[in-house]
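Engineer: Can you build the whole structure from these sequences, using the hints too?
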Amino acid sequence: LGLSRDLLPGGHILEDLAEEEFKTFKWFLNQEILKPFKAIPKSRLEKADRTDTVDEMFKSCCIYTMRVAAKGLEKIPRNDLVQNIPKTIKEPEDKSEKDDE
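For this note's numbering, count along the sequence shown from 1 and bump the result up by 6.
There's no promise every hint is true.
Below are the EDC-like pairs computed for lysine to aspartate or glutamate, each with C-alpha atoms no more than 16 angstroms apart in a straight line [stated by the list, open to error]:
| hint | residue 1 | residue 2 |
| --- | --- | --- |
| 1 | Lys29 | Asp58 |
| 2 | Lys81 | Glu27 |
| 3 | Lys29 | Asp55 |
| 4 | Lys44 | Glu62 |
| 5 | Lys29 | Glu52 |
| 6 | Lys29 | Glu80 |
| 7 | Lys53 | Glu27 |
| 8 | Lys48 | Asp58 |
| 9 | Lys48 | Glu62 |
| 10 | Lys29 | Glu62 |
| 11 | Lys81 | Glu26 |
| 12 | Lys81 | Glu38 |
| 13 | Lys48 | Asp61 |
| 14 | Lys77 | Glu38 |
| 15 | Lys48 | Glu38 |
| 16 | Lys53 | Glu26 |
| 17 | Lys53 | Glu25 |
| 18 | Lys77 | Glu27 |
FYI, nobody ran anything at the bench for these hints, they're computed from the structure.
Structural biologist: Right, dumping it as structure tokens:
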């Protein structure tokens, strides 16, 4: 979960949210803000801290987590934090191709 560092300590993106902003951010994750991804169930976010929230985002959205995070931050609105989210995310390497070489 190296990408989570961009949303958590080091990147400080979610750490920079006030408690009320973080609560609102989680509320938007509970909605369908970026289709085709399903909303994260309220029960999984209700008591989630920032680290748990990022884990739930990666479970639901995989490599699109940063895109979903940006949408949520735009809705708060915290566009200043959206600028800190990496624009490109490398696709995981296909290990089977390397083994064939």
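Engineer: Next step is simple, just say for each hint if it's right about the structure.
Structural biologist: Structure-based check of all given hints:
no.: 1; hint: Lys29 with Asp58; in the structure: 13 angstroms, holds
no.: 2; hint: Lys81 with Glu27; in the structure: 10 angstroms, holds
no.: 3; hint: Lys29 with Asp55; in the structure: 10 angstroms, holds
no.: 4; hint: Lys44 with Glu62; in the structure: 12 angstroms, holds
no.: 5; hint: Lys29 with Glu52; in the structure: 9 angstroms, holds
no.: 6; hint: Lys29 with Glu80; in the structure: 14 angstroms, holds
no.: 7; hint: Lys53 with Glu27; in the structure: 15 angstroms, holds
no.: 8; hint: Lys48 with Asp58; in the structure: 13 angstroms, holds
no.: 9; hint: Lys48 with Glu62; in the structure: 11 angstroms, holds
no.: 10; hint: Lys29 with Glu62; in the structure: 15 angstroms, holds
no.: 11; hint: Lys81 with Glu26; in the structure: 13 angstroms, holds
no.: 12; hint: Lys81 with Glu38; in the structure: 12 angstroms, holds
no.: 13; hint: Lys48 with Asp61; in the structure: 14 angstroms, holds
no.: 14; hint: Lys77 with Glu38; in the structure: 11 angstroms, holds
no.: 15; hint: Lys48 with Glu38; in the structure: 12 angstroms, holds
no.: 16; hint: Lys53 with Glu26; in the structure: 14 angstroms, holds
no.: 17; hint: Lys53 with Glu25; in the structure: 13 angstroms, holds
no.: 18; hint: Lys77 with Glu27; in the structure: 14 angstroms, holds
Hint compliance for this structure: no hint is broken.
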